[in-house]
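*Asks:* Going by my numbering, the first residue of the sequence shown is number 3, and it counts up by one from there.
No lab work stands behind these hints: they were computed from the structure.
Heads up, simulated EDC-like pairs for lysine to aspartate or glutamate below, C-alpha to C-alpha not over 16 Å straight-line:
| hint | residue 1 | residue 2 |
| --- | --- | --- |
| 1 | K247 | D69 |
| 2 | K254 | D69 |
| 3 | K127 | D100 |
| 4 | K247 | D188 |
| 5 | K247 | D100 |
| 6 | K269 | E74 |
| 7 | K127 | E106 |
| 8 | K254 | E94 |
| 9 | K247 | E94 |
| 10 | K127 | D188 |
| 11 | K269 | E52 |
The calculated label-pair distances, taken between Cβ atoms and stated as ranges, are:
| hint | residue 1 | residue 2 | range |
| --- | --- | --- | --- |
| 12 | T125 | P354 | 36 to 42 Å |
| 13 | S204 | P82 | 21 to 27 Å |
| 14 | G246 | Q185 | 18 to 24 Å |
Remember, it's a predicted structure, so these values are computed and weren't measured experimentally.
Where a beta carbon is used, it is the ideal one built from N, C-alpha and C, also for glycine.
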Amino acid sequence: MADNVASLFRGTAAHSPSMAALARESDGVGPIDFCIPCNPYFPTPGMFDELAGRLREIITYYPSSADTITAELCALLQLPPSCVAMGNGSTELITWIDHLLVRESLAIPVPTFGRWTDQPMETGKRVDMFPLMESNGFALDPAQYIEFIRARGTRVAVICNPNNPDGGFLSRRAVVNFMDQLQDLDLIVIDESFLEFADAESDPSVVEEAVLRPNVIVLRSLGKNFGLHGIRFGYLVANPALAGKIRSMLPKWNLNSFAETVVFMLKEHGAEYMESLHLVRRDRLDMARQLSALPGLTVYPSQGNFLFVRLPVGAEGTVVRDRLLSEHRILVRECGNKIGSSSRFLRLVVRPETDVRRLVSGMEQVLYGSRRGAAVPELGTGTSYSSGTAAVDRLISETNGVGMPLAAQAAAMPSLPPAQTWPGPAPAQAPTGMPGLVPAPAPAAAMMPPQQQPARMPAPAPPLQQPMPAVAQMPGVAQMPGVAQMQPAAQMQPAAQMMPQAPPMSAVAQMAQMAQTAQAQAQRQQAPIPAVAQAPSPAAQAQARSMQPPPQAPAMPAMAPAPAAGLGQTGMPGLRNRGLTAAQVRGRTEPEPAPQPTGWPAAGAMYNQVG
3 MADNVASLFR GTAAHSPSMA ALARESDGVG PIDFCIPCNP YFPTPGMFDE
53 LAGRLREIIT YYPSSADTIT AELCALLQLP PSCVAMGNGS TELITWIDHL
103 LVRESLAIPV PTFGRWTDQP METGKRVDMF PLMESNGFAL DPAQYIEFIR
153 ARGTRVAVIC NPNNPDGGFL SRRAVVNFMD QLQDLDLIVI DESFLEFADA
203 ESDPSVVEEA VLRPNVIVLR SLGKNFGLHG IRFGYLVANP ALAGKIRSML
253 PKWNLNSFAE TVVFMLKEHG AEYMESLHLV RRDRLDMARQ LSALPGLTVY
303 PSQGNFLFVR LPVGAEGTVV RDRLLSEHRI LVRECGNKIG SSSRFLRLVV
353 RPETDVRRLV SGMEQVLYGS RRGAAVPELG TGTSYSSGTA AVDRLISETN
403 GVGMPLAAQA AAMPSLPPAQ TWPGPAPAQA PTGMPGLVPA PAPAAAMMPP
453 QQQPARMPAP APPLQQPMPA VAQMPGVAQM PGVAQMQPAA QMQPAAQMMP
503 QAPPMSAVAQ MAQMAQTAQA QAQRQQAPIP AVAQAPSPAA QAQARSMQPP
553 PQAPAMPAMA PAPAAGLGQT GMPGLRNRGL TAAQVRGRTE PEPAPQPTGW
603 PAAGAMYNQV G
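Whole structure, please, built from the sequences with the hints as guidance.
*Replies:* Below, the structure is given as structure tokens:
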């Protein structure tokens with residue numbers, strides 16, 4: 003079974019094999035799916051029962067025309083039908099956009115959804131690929147992207163928001179500014195296929211802008227957010243001329259009877275749909291927290307219904323994927339066949355907590371064996387399938403011209419200058435301007451007067467039992483330029499080994515450190531401050547100072563800081579006072595209360611009802 007499944011992945015180019023193909027190779031029983039980005043909470047069981055009861059009617063008769071189904075969807079979303087074109091999945095719409103509106107060239111950040119790179123190349127267009135840098139957490143800088151488009155002379159620009167596979171998100175204001183700066187292009191496409199899962203702002207969609215602009219198309223998916231990939235339906239929004247041009251090329255019956263049945267059912271299930279989005283956002287926070295606890299695993303911020311993770315050094319993605327599937331019946335998306343990515347990256351779809359616990363347990367066994375927290379073994383010995391390096395090389399040598407040397411960076415990953423590197427040797431001066439950088443407990447205790455040092459914090463600090471989270475998840479660190487370029491070996495060490503160790507210093511540096519230590523001790527004698535587990539917010543610092551005893555009182559034991567307003571208190575067990583998770587670095591810091599909408603939300607107003 004394992005060999006057959008591995009061959010299925012090798013033959014799927016930039017995509018994964020279908021669930022039907024995997025089920026045929028595994029005695030008809032599919033695995034737990036962390037690969038296909040579906041909504042696990044919608045449709046409801048009652049909706050599935052209704053579909054099952056109407057199965058004979060659905061598959062026996064022709065559907066209504068696409069115009070009839072589109073009109074019903076537009077009535078739900080409060081969109082003008084003249085500005086909408088429905089397709090047999092978003093890939094059908096991407097195909098017609100390429101054929102009708104892309105004349106010579108298209109720009110797209112990578113890694114991204116494979117059809118945005120493959121479709122134009124299949125029709126002989128030039129695809130200008132703008133590399134999203136790992137050192138920047140794969141975040142898209144619109145200004146740099148615009149410069150790239152101008153330098154290349156590209157005529158069509160695409161942004162996926164949130165991006166697939168990394169979940170990167172741009173605010174509505176940033177997207178509108180991007181469109182303003184490029185209003186002379188032939189076409190701008192904003193792919194919002196996963197935007198319903200975002201909660202970074204209340205109104206992130208630009209559908210209203212698309213209706214008014216002459217060169218903008220917004221692409222939306224119905225399969226992803228409705229959890230119905232198999233039905234194959236999606237839609238685009240544009241001004242009537244653009245939408246009509248696409249609509250005129252589509253077959254009269256390009257939408258099937260399942261799509262028609264679901265669209266006409268939706269008006270009765272708006273509340274259930276909104277609740278499903280709320281549950282996915284809640285699960286995303288919890289899943290990021292659990293994965294962030296795995297040693298050496300980096301979890302990138304996401305606003306989609308998936309998380310992009312980098313495996314520890316020595317772990318090869320195809321081997322991890324195959325072992326999870328064959329040994330634990332868990333299907334994950336290994337991203338080595340995505341241009342701009344490599345086999346060290348996985349995309350993991352957000353699922354309920356029960357499934358996530360099984361995923362984490364399986365990854366612990368595959369990555370670390372029976373020794374949780376131990377150094378990651380070399381897994382990728384002898385594998386013949388690792389296309390990530392080749393994909394990046396192709397990006398640099400064939401499509402990106404003078405682009406940034408991603409392949410060299412991924413291979414070398416140089417460490418940062420001493421002033422920015424963390425963890426590492428203790429600097430002579432405390433770093434400033436780096437909110438969220440967590441100080442090591444041992445130096446903090448050493449700088450306190452002996453009579454105020456907590457009894458349970460000996461010096462030097464003993465090895466911590468809990469592993470340090472990967473750097474990209476630490477609050478305030480993910481936004482620092484170049485942080486993710488640290489030596490990967492540092493991520494593989496237990497927290498105790500990652501503690502700063504004082505190296506031999508020059509006499510000048512020693513004198514500077516002694517002066518700084520003496521000054522800090524004098525300040526603590528005037529106003530003793532209890533040691534804290536992590537850097538608190540200004541509000542928490544003020545609260546801590548108000549709780550201090552007089553100088554003559556015994557030192558208080560170490561205490562966790564009170565979180566800043568809206569941070570760290572998520573209302574979910576296990577998240578209180580833990581600081582920000584990786585998924586909270588960008589976006590909301592806690593899920594909103596479950597919405598109670600009345601009726602179906604409009605396309606431009608649905609986000610206001612879910613926060």
